[in-house]
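Single-letter residue listing:
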Amino acid sequence: MQRFKTVLFMIAVAVVFGSAVTGIHLLSQKTMRENEAFLEQKSLVELFNLGKVKSLSKAEMNTLIQQQIDSSEKCIDPVTNWQFTIIKAFKDSTQKELKGYGFEFEGLGFWAPIKGKLAVSPDLSKTIGIKITQQQETPGLGGRIEEEIFTTSFAEGLTISPPKSGKAFLYMGAPELEPQKGSPQFERKFDAITGATQTSMSMERMLNDFVARFVRAMNNRKEAENGI
Amino acid sequence: MGFKNSVGGKAFIQNLWSDNPVFRQILGICSTLAVTNLLKNTVLMCAGLIFATALSSWTVSLLRKHIPKQVRMMVQVLIIAAYVIIVDISIRAWFPDVHKLIGPYVGLIITNCIIMGRCEAFASQNTPGASFLDGLGAGIGYSLVLVFIAVVRESMGFGTLFGIALPARELWWHQWTIMVMPPGAFFMLALVAWFGNAVILKKEEGGK
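Sequences listed follow chains A and B, in order. Mind the numbering: the first sequence is residues 1 to 228 in my numbering, read in order. Mind the numbering: the second sequence is residues 1 to 208 in my numbering, read in order.
The hints are simulated quantities; they were obtained by calculation from the structure and are not laboratory data. As the structure is a computational prediction, the values presented were derived from the model and not from experiment.
Label-pair distances were calculated between CB atoms; the ranges are:
| no. | chain 1 | residue 1 | chain 2 | residue 2 | range |
| --- | --- | --- | --- | --- | --- |
| 1 | A | Q134 | B | L191 | 33 to 39 Å |
| 2 | A | E225 | B | L161 | 53 to 59 Å |
| 3 | A | I76 | B | L191 | 54 to 60 Å |
| 4 | A | T63 | B | L171 | 44 to 50 Å |
| 5 | A | E106 | B | P167 | 38 to 44 Å |
| 6 | B | L161 | A | A12 | 44 to 50 Å |
Backbone N, C-alpha and C fix where the C-beta goes; we use that ideal spot for every residue, glycine too.
Given only the sequences and the hints, what does the whole structure look like? Please build it.
What follows is the structure, encoded as structure tokens:
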């Protein structure tokens, strides 16, 4: 009898607390979906520097995305068969002049997967922005890949035109170390984060991999368009 | 009977200092080491823990006469988990930016020994009001230590507090990278535990 009471009690407690948690989850689901959509839009505005995020309302942000972003085209890398969405950003709502292309990348960081978006110029020669959308690196160390200390050099423009055979698209380095100013790699160098060497190395590896895929896929797309 | 002399009041005050969960009971160490390199993350984590500790203790106390002894710890974990998930969902829904910062740590509140410790040691034997105060005191006591450690680590490691640069830091500040790395947390925790215990022991010896 005692055992039966214990089981019954456990079931009752589990039902009560399980229901409370489920109820709160259901109540907040709509808000969470809206938040996710908003964060996605915010990441695109920041990636292409389309406006000042803090001064935009949710509705304004939505309009901006509708008018200046086109994510309808898919592309494929012929070597790895990686299929991705080409994010096209336009300079204004007329959609006549392209501001840049963007694509998503992902890979393993020091602790957990890192996801982000990289934006490049229309001629695919330089980066124009980077946005980390998911990471669980050490707060204050690897976690700083989201901050300006890491993203500025990408926004200012790192060269990503195809390098010489065997060379990398991008290099990680400490501000005072190789590659030095004047060297061919200098224009491809982004600063590592002090105390987060493993995270910085992961970023270098993942960006080189995805930039190579992106460039190949875009060249392939261009050749297809020209009927080669 | 005043607040200081009530069972809950006494427990509340003791948890702040003489029975502080971090440096006296050495509980909740994982999060102490993990989140204290940034003050903002620390404060948010502490707020979640205070909420979960106080309400878990209150609920366990409310049910204490009905919980069968042989499953009491399972029930306590279930109650704690429910409150922590509520904290997690609430932050994700209403403070998504904050969730990005401390999301991985919020789930870990469930495993924080302080909550389970207070439920088992105090709430299962005392009234809901007293248990709530005990949980609140334990949460605040934990938070005081963490905030102190975070202030030292962030200011020495980054030269900032809440991400804001310290005054004229380019003139006097030099970065101690080790302070924002795990060894910095171990050093700080050891110093705080040493200082706290030394002061309390001296006081206790003086009182004899």
